[in-house]
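J.: The task is to assemble the complex, starting from two chains supplied on their own in separate frames and drawing on the hints.
Read top to bottom, the protein sequences are chains A and B. Under numbering that gives the first Met the number 0, the first residue of the first sequence is numbered 0, with each subsequent residue one higher. Under numbering that gives the first Met the number 0, the first residue of the second sequence is numbered 0, with each subsequent residue one higher.
It is possible that some hints are incorrect.
Straight-line distance between alpha carbons at most 25 Å, and here's what the computed SDA-like set of lysine to any residue pairs gives [said to hold, decoys possible]:
id	chain 1	residue 1	chain 2	residue 2
1	B	Lys34	A	Asp417
2	A	Lys267	B	Thr56
3	B	Lys34	A	Gly399
4	A	Lys426	B	Leu17
5	A	Lys506	A	Ile492
6	A	Lys491	B	Asp38
7	A	Lys89	A	Asp112
8	A	Lys89	A	Arg430
9	A	Lys267	B	Glu50
10	A	Lys491	A	Thr504
11	A	Lys267	A	Thr313
12	A	Lys491	B	Lys34
13	A	Lys491	B	Glu44
14	A	Lys426	A	Gly399
15	A	Lys426	A	Val450
16	A	Lys267	B	Ser26
17	A	Lys267	B	Pro24
18	A	Lys267	B	Leu43
19	A	Lys491	B	Arg51
20	A	Lys426	B	Leu32
21	A	Lys426	A	Lys506
22	A	Lys506	A	Glu393
23	B	Lys34	A	Ala115
24	A	Lys426	A	Ala503
Hints in this document: simulated from the structure, not taken from any laboratory.
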Amino acid sequence: MGMPVQVDAFLEQTAQRLPEKVALIAGDARLTYREIETQSARLAATLRARGVCRGDRVAIFLDNCAEAVVAVFGVLKADAVFVMIHPTTKPDKLLFLLNDCRVAALITYARLDTQAVQTQAPSLRQTILVGATDAASERQIRWEEAVGPSSQETFFRRAAIDIDLATIIYTSGSTGFPKGVMMTHLNMVTAATSITQYLENVEDDILLNCLPLSFDYGLYQVLMTFKIGATLVLERSFTYPQLLLQQLDRERVTGFPLVPTMLAMLVKMPHFSSAHLPHLRYFTNTAAALPPAHIATLRERFPDARIYSMYGLTECKRVCYLPPDQIDLRPTSVGIAIPNTEAYVVNAAGERADVGEVGELVVRGAHVMRGYWERPEETARALRPAPLPGGTGERVLHTGDLFKTDDAGFLYFVGRRDDIIKTRGEKVSPREVEAALHRMPEVLEAAVFGVPDDLLGEAIRAVIVPVPGVSLTAQAVLRHCARHLEDFMIPKIVEFRTELPKTATGKIARREIARQEDGCQEATHHA
Amino acid sequence: MSEATRRTIRNFVVENFLYGDLTRPLSDDDSFLEKSIVDSTGILELVEFLERTWNLTVQDEEIVPNNFDSIARLAQYVGRKQNGDARAS
Chain A
0 MGMPVQVDAF LEQTAQRLPE KVALIAGDAR LTYREIETQS ARLAATLRAR GVCRGDRVAI
60 FLDNCAEAVV AVFGVLKADA VFVMIHPTTK PDKLLFLLND CRVAALITYA RLDTQAVQTQ
120 APSLRQTILV GATDAASERQ IRWEEAVGPS SQETFFRRAA IDIDLATIIY TSGSTGFPKG
180 VMMTHLNMVT AATSITQYLE NVEDDILLNC LPLSFDYGLY QVLMTFKIGA TLVLERSFTY
240 PQLLLQQLDR ERVTGFPLVP TMLAMLVKMP HFSSAHLPHL RYFTNTAAAL PPAHIATLRE
300 RFPDARIYSM YGLTECKRVC YLPPDQIDLR PTSVGIAIPN TEAYVVNAAG ERADVGEVGE
360 LVVRGAHVMR GYWERPEETA RALRPAPLPG GTGERVLHTG DLFKTDDAGF LYFVGRRDDI
420 IKTRGEKVSP REVEAALHRM PEVLEAAVFG VPDDLLGEAI RAVIVPVPGV SLTAQAVLRH
480 CARHLEDFMI PKIVEFRTEL PKTATGKIAR REIARQEDGC QEATHHA
Chain B
0 MSEATRRTIR NFVVENFLYG DLTRPLSDDD SFLEKSIVDS TGILELVEFL ERTWNLTVQD
60 EEIVPNNFDS IARLAQYVGR KQNGDARAS
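Just chain B, with the same shape it has in the complex (with noise of 0.2 Å):
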């Protein structure tokens, strides 16, 4: 997992899901399912956002908690998508 792509997420994320809130303590592990972050609204946001920044494609049933529920494995996924491998899960 990049560090740049990491931290593009997270700023993705703290920005849009907890509005710039830094005293909410999320780390790159949290489940956002745990903590209530992302809805389903929420995860079209992040398809589109992770779609647009990365110019990928993705794919219905990629849209699963082991590739979105946290900004770990989100930034794993976008790795994954980058080194083309579709499967991506």
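For reference, chain A alone in the conformation it holds in the complex (with noise of 0.2 Å):
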């Protein structure tokens, strides 16, 4: 069988070697590859009927389950972009990313008011309901309909290559608006190649996810699972960490990808250790660096399991990643970069940094990003022509995080060069927060930014000037939040002040107030 060209063919070659396999299980769910390839070939044939046509954005806002699973793919056999929506999004949210990309259908729960949706979103056409008793109109359908039998009468030929599009993930941008990374068919599979390679999966691998699949850690879980025939238990949350340790140990997990909070309430369960998982072999880290005393713990309670200290960013997938042998030697380091890429470190002249030298990480490889929906002036200043010599017109990925490397070629994360905040492996903008904040009549000012916090990285940190003469209270500020961000996004800490220094220019000087730990009015709400 030849090297796939597109995602979707992850499945149908997996498909046809292992029809009967369980591919995934997720709650009472166990499909077969089979099933899925059945199921989504049907969405598919549904999707192209009611007007998707190649290159049209289709959302997917639902949990990790089954058919958000099915809907990756059979988004991906209409020559269409699917888009996943983070689960906990609000309303006014989600119409910004659905106006955004102007998507064309929407997958997603009955329970969403999606009259709602449809008439403030004028580009959806179509909306494919999961949960629905009674839905049939001319532009919403139930699930089951959607991917049952009677679909498939819908014939058409498939024309997509592998340098279209294939999904748009949306990060946070320093502006406080998320911006859609796009990644082609090309991009993906040769990440996802190149991941699985040195991951050594393999065919007999379990892997269990569950990190949300918006977040692209999550959703490669489910590409390299399908790319090697391997099974994926999909997990809805973390939540229960304790009913977690049971599935890994029942489904005899072999693969288990983590980010540093996770690990940390992990590390304080007795059962999570080699003598109650014998089959984990490997365990995955990414989001932000691994604490060294929770490696070492990791070291001492699987002491044959393989630990792969990663780092990447959404705009190519991934970067680097430290060979499991190097983990003792280098517990710091993120390695090399991964097969098939470059990863390098440019210093201020624009020139290769020397070793120990700090400057910004550049990504060289097939795995780089087309570039940010419609931002022509952000993609400008993320991917740059390549100061090689001879000028080959090559575009570069920099990350705008600050690395050095060691003598041996090494890398090693210093900083980041923007204000994004990493927060229980997700990254925030504190610009969006604030500007979440200032739609409260009550706020005349607000800074945001992250402070250290043993669980989540880092926590978020609200500063607040109330309008002088009102009362604000800390519940009422997270009460709005509540009601206008993702769950991950909404401050932990919030705090009053009269005023906020600012720069010269006039604006608040968020690291000011960032440096400031101490001597201000207080009135903390911890969320």
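T.: Okay, structure coming up:
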């Protein structure tokens, strides 16, 4: 069989090879490759019959469930572009996303008020409803009907090629508005091929993912599983770690992707050890560095398991990984470029940095995004002409993250150049939270930043100046945030002041406030 | 399930997870998971709250949806713990 040129070929080829193998375990559902192939082909036919065309965007707004996985492949099989939306997204943000990339169809739960959404998202022509009892109309269809046998009657010819878009992944932008990272089939096939190579994934692998599929780390667990013909245990969330331990044991899971917040909770549980989980062969970590103490605990509890420290960003999926045999030697390194890609540090002069010299990390490879959806200026800042001798015309990815290398060429994360907060493994733009705060009439000024937190990595802290004369409580602020922001964006600490320091140009000096940890009147609410 | 226990739990949940928002309907039987009300750090806050308020020790294996996923289930769990039913699930 040839090298897949499209992401959905991962499913198609494995379904031909291993039709009866269980591909996906999600809640009570256990679906084989054949079943997912059949259902997603029917979904594609339904989408085409209902007017979705090649290149149209189709949003998937679901929890981690079997339908979400079928939907990903169904949209791709229709030659369309899928857009995963975080399940705790609130109505105004949902509308922003649907309108930003002009979504043609939406796959979501029947409990969502689709009437309101359809009125305010003019591009939206079709809604496919999961869990609906009665929804058939020209613009709405029940999921069961969309993947049911009668949908197969529509025939259409596939036309997509590997440089067509496969997905748009929204990520926090420094402007406060999320931006859509455009990934082609080639980008994703390249990344999934590289990752499964260095993780040494095999068909017998059983992966457990509890990260949202709107997060590329979660999404790729699906793609990697389907590429290698393994099995994916898809859990809705990390809410009950105890149940996850039972699932890891019951389903004999071999590979477990983590973020530091999860590991911080798991190391407190005595049953999280190779004695109780003998099948676990590897762990991966990304999103933020693991504290060395947690790496040591993991090594002690699972002496034979491989631990991969990794680093990446949505714009190219993954940049580098630390080969597991290096974890005791270089526990704070994120390693070397992933196979078939290049990553290097450039200094302020734009030249390759010396050993130990801090500079910006730059990435080359077929995994680098096409750009940000309809944001040419931000795209031009991230994708810049490569300063290679000879001028190849290639554009390389400037990550905005500061790195250095050691004398053996291993990479070390030093810090971010922007103010983006990393909490629970998610990126949060302080400006997006500030924009939400400013929509409260009682808020005169607001500044948001991250503060170190043992469990969350960084906790979101909001400092607010209320309008003089009004009374404002931390709880009222949090209530407002809970109506407008995804759960992970809600501040953990709210604090009030009578004024905020300003820069010479009159802007709020966020970094200076972040430095002033003490000596202020606090009304702190630990949410 | 004691009415006082149920009310104390409801107050805590509304205060800490809904930030006092009384316009968001939440019945005693509504699933926290279904309504995306509590995440893993919220569960830790609930454990700490139960242990502090009723002087209980919550075992790891008791932290499951059956005991934690609604106001009613939490109240029943507290009731069982107070009656000395260590299994409490």
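J.: Which of the stated hints cannot be reconciled with the structure, identified by number in ascending sequence?
T.: Violated: hints 1, 3, 10, 11, 16, 17, 22, 24.
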